[in-house]
Structures are given as structure tokens and as C-alpha cells.
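A.B. asks: So you can see what is in the structure, the chains are spelled out below.
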Amino acid sequence: MTDYLLEVVMQEILLRLPIESLIKCTSVCMSWYSLVSSTAFISIRSISLDKDDPFYLTSHLLKRGRRTLLSLEPVFVCFGMQSIIHCFVQTSFSSEQIHRQLLVDLVLRGKQLTLLVPLWKVWCYLTKQMQQVMEMIQMLWNSDTD
Amino acid sequence: MSSSTDSPTLTTETTQLSPQPDTETAKPTKKITLKSSDNQIFEVEESVAMEFATVKSFFEDSPSTDTVPLPNVTAKPLSQVIEFCKEQIKFKANPDEAQKKKYNAEFVTEKSDKDLVDMIPVANYLEIKDLLDVLNQAVADRIENKSVEYVRSFFGIDNDFTAEEEAALRREHAWAYEGVDED
Chain A
1 MTDYLLEVVM QEILLRLPIE SLIKCTSVCM SWYSLVSSTA FISIRSISLD
51 KDDPFYLTSH LLKRGRRTLL SLEPVFVCFG MQSIIHCFVQ TSFSSEQIHR
101 QLLVDLVLRG KQLTLLVPLW KVWCYLTKQM QQVMEMIQML WNSDTD
Chain B
1 MSSSTDSPTL TTETTQLSPQ PDTETAKPTK KITLKSSDNQ IFEVEESVAM
51 EFATVKSFFE DSPSTDTVPL PNVTAKPLSQ VIEFCKEQIK FKANPDEAQK
101 KKYNAEFVTE KSDKDLVDMI PVANYLEIKD LLDVLNQAVA DRIENKSVEY
151 VRSFFGIDND FTAEEEAALR REHAWAYEGV DED
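Those sequence lines, one after another, are chains A and B.
Quick note: the first sequence uses the UniProt record's numbering, first residue 1, plus one each step.
Quick note: the second sequence uses the UniProt record's numbering, first residue 1, plus one each step.
The set of hints was computed from the structure by calculation and includes no laboratory data.
From the three backbone atoms N, C-alpha and C, an ideal C-beta is built for every residue, glycine too.
Be aware that a few hints might be false.
Dumping the calculated SDA-like pairs for lysine to any residue here, alpha-carbon to alpha-carbon at most 20 Å [unchecked claim]: (1) B:Lys114 - A:Leu6; (2) B:Lys101 - A:Ser31; (3) B:Lys129 - A:Leu6; (4) B:Lys30 - B:Ala53; (5) B:Lys101 - A:Arg16; (6) B:Lys35 - B:Pro69; (7) B:Lys146 - A:Met30; (8) B:Lys114 - A:Glu7; (9) B:Lys146 - A:Arg16; (10) B:Lys114 - B:Asp158; (11) B:Lys114 - A:Val9; (12) B:Lys35 - B:Lys76; (13) B:Lys76 - B:Thr29; (14) B:Lys101 - B:Arg142; (15) B:Lys146 - A:Ser21; (16) B:Lys146 - A:Leu35; (17) B:Lys146 - A:Gln11; (18) B:Lys111 - A:Phe41; (19) B:Lys129 - A:Met30; (20) B:Lys146 - A:Leu15; (21) B:Lys129 - A:Val9; (22) B:Lys129 - A:Gln11; (23) B:Lys129 - A:Val8; (24) B:Lys129 - A:Ser37; (25) B:Lys86 - B:Thr109; (26) B:Lys86 - B:Asp115; (27) B:Lys114 - A:Gln11; (28) B:Lys146 - A:Tyr33; (29) B:Lys30 - B:Val68; (30) B:Lys129 - A:Arg16; (31) B:Lys56 - B:Lys90.
Have a look at the derived ranges for each label pair, beta carbon to beta carbon [to be verified]: (32) B:Asp141 - A:Met30: 32 to 40 Å; (33) A:Val8 - B:Ala168: 42 to 50 Å; (34) B:Asp160 - A:Val8: 17 to 25 Å.
Produce the entire structure from the sequences given, and follow the hints as far as they go.
C.D. replies: Here it is, written out as C-alpha cells:
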């Protein structure tokens, strides 16, 4: 049996997993469960294991929307226009032919549209899809407040 | 385009990686001796050793030492880590992002699961950030969407949940357990 990797290293590895895999990893052992459900981890990865938490819902939606761009509608219904909008986008690293999930938090505050990008190298993969999502959100935002 | 298709050079120099007897042969560049926990001696060029932040600070603290003991590091992962760093030095001297990416990808592809997992604490201890990034990503790729049982055996982790606890967890987030990749 190999020694368990240091928690800090394990966290680095787990952070690179898509949410579905990450949730599976919570039942690997107790220490992984504590790690993934820790506040620190959740704030980095924007997920929650608590079903009452909006983050849980969005991680579930992500699963259903595998390899497609999710409709923003359920998210709007859930949070309303005034609050945080989480938008999950699936894209592929065509160069590496690995499908990967990109999690992009779109935060609307006032009329300012801010794109919060988690630790991943998301900027490189800002695809056409992503631009369409942003335009859509801006459009909806404008029509709602005018 | 065509010139970049050569595979990274991993040829003659790798012979130096094997543990060597404790005798010093005169070389033009300064060598640093690293001693693994299983008492294997590695002679590496100073430039390579300075890639290891831990070794570097060891030398800054005690410049007169000639051998750096690495009590947490065994010979096999250490030799692989040295191999990686030697190549990175070449890329530093001769930046070629495409080749570097290719080398890094091949470096992890050819390693067994155990080799990767064993190298991670070494890269972490020696504070080689680039390597740690490469290894973490490689391990994440190998366990992505695998079954819980597969992940446990990958890392050699014992299941410390009771059957009831585990069943409850799986029930609670059942959607995440639908469909896993073949082992």
C-alpha cells in the first residue's frame, strides 16, 4: 500500500476533477469526504454537497448538461436576476482531445457583468459558446432592468 | 512545422541517472551529490539540482556541504524526477513550448500509475512546481470518472466507511454515480 498523499497535494489533484468525479471521490474514504466538503474546497470549486445549497443544484445541472451548453433558464428561475448566476459550460480541449468541464461563474452585480474565473486556465478556452452566453446574459439583464 | 516533430531527446544522458558508486569523476561542470533514503547516490549538475527548491535552500543554508541527504525520497522516483528536470533545463535554455508540452505529456504517459503516485510526494518535497502540476494533472486524468473502487486501488486507500455510511453517501448523490468509465 502506498502512503496516502499529503492532503494539500490531494486537494490539488481533486480540484482538477469534473464535479461528477469529485462527488464520487467523497465516498473513497473519510478524509477525502472531509476534504471535498470543507469550506475551503467548496469556495475554490463552487460546489456543495448540501442539497439545500444552490451550488448543489448547479452541480447537478452540470451533470445533466454533459457536453452541451446548459440552458440558463433554470438558473435564472433559481436565483433571480439580481443574484449570482452560475453558468456551467462544457467545452473540449480539442488539442488534447480531452473533454473537460469548465466552470465559469458569471456574477452580475448592479449592471456590471463580471466574469469570475476559478483557478483553471479558463481564459485560453473562452470559446464562441462562452461569448454567446455572455451576450445572452447581457441581453436578458438589459431587458429586465429597462 | 516539420522540424518540431522530433521526439524529445531522452537518449544518451539517461544513463547518468542510474545510481552511481560513491566515487567522484572530474567533470567540467559543478556536480552536486544527492543521497536518497535508500542510500543511493545521484550526481547531478548544479543547474539541475537548483531546480529543486528544497536542495537550493539547503545549499544556501550550508554552502560547504557536498552531499545533500534526502531522507524522504527513494531512489526510483528521484531518478525519474531528475530525468524530468534535466529536460526542463534544456527547455529553459532553448524555449520551445510545443516541444516542452510534448515532452511533458510523454513523460507521464509512459509512467505506471504507481510511478506517478510515488513521484508526487517527491516533487512536492523538493518543491518542483512544474513537475507537480504535470503529475497532478496526469493523475487527475487517470482517475477522472472512474469508479470509487478504482480510485481506491489507484492510490492504495483503505475504505474506512461502514457499508451503511457508504451506501448512504451513494444514495444521497446518486446522479454522480451513474455511469463510470471502464477501468
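A.B. asks: Determine for every hint whether it applies to the structure shown.
C.D. replies: Verification of the supplied hints:
no.: 1; hint: B:Lys114 - A:Leu6; verdict: holds, 16 Å
no.: 2; hint: B:Lys101 - A:Ser31; verdict: violated, 33 Å
no.: 3; hint: B:Lys129 - A:Leu6; verdict: holds, 15 Å
no.: 4; hint: B:Lys30 - B:Ala53; verdict: holds, 18 Å
no.: 5; hint: B:Lys101 - A:Arg16; verdict: holds, 18 Å
no.: 6; hint: B:Lys35 - B:Pro69; verdict: holds, 5 Å
no.: 7; hint: B:Lys146 - A:Met30; verdict: holds, 18 Å
no.: 8; hint: B:Lys114 - A:Glu7; verdict: holds, 18 Å
no.: 9; hint: B:Lys146 - A:Arg16; verdict: holds, 14 Å
no.: 10; hint: B:Lys114 - B:Asp158; verdict: holds, 16 Å
no.: 11; hint: B:Lys114 - A:Val9; verdict: holds, 16 Å
no.: 12; hint: B:Lys35 - B:Lys76; verdict: holds, 12 Å
no.: 13; hint: B:Lys76 - B:Thr29; verdict: violated, 24 Å
no.: 14; hint: B:Lys101 - B:Arg142; verdict: holds, 18 Å
no.: 15; hint: B:Lys146 - A:Ser21; verdict: holds, 7 Å
no.: 16; hint: B:Lys146 - A:Leu35; verdict: holds, 19 Å
no.: 17; hint: B:Lys146 - A:Gln11; verdict: holds, 17 Å
no.: 18; hint: B:Lys111 - A:Phe41; verdict: violated, 29 Å
no.: 19; hint: B:Lys129 - A:Met30; verdict: violated, 28 Å
no.: 20; hint: B:Lys146 - A:Leu15; verdict: holds, 15 Å
no.: 21; hint: B:Lys129 - A:Val9; verdict: holds, 11 Å
no.: 22; hint: B:Lys129 - A:Gln11; verdict: holds, 15 Å
no.: 23; hint: B:Lys129 - A:Val8; verdict: holds, 13 Å
no.: 24; hint: B:Lys129 - A:Ser37; verdict: violated, 26 Å
no.: 25; hint: B:Lys86 - B:Thr109; verdict: holds, 18 Å
no.: 26; hint: B:Lys86 - B:Asp115; verdict: holds, 18 Å
no.: 27; hint: B:Lys114 - A:Gln11; verdict: holds, 19 Å
no.: 28; hint: B:Lys146 - A:Tyr33; verdict: holds, 17 Å
no.: 29; hint: B:Lys30 - B:Val68; verdict: holds, 14 Å
no.: 30; hint: B:Lys129 - A:Arg16; verdict: holds, 16 Å
no.: 31; hint: B:Lys56 - B:Lys90; verdict: holds, 19 Å
no.: 32; hint: B:Asp141 - A:Met30: 32 to 40 Å; verdict: violated, 25 Å
no.: 33; hint: A:Val8 - B:Ala168: 42 to 50 Å; verdict: violated, 28 Å
no.: 34; hint: B:Asp160 - A:Val8: 17 to 25 Å; verdict: holds, 20 Å
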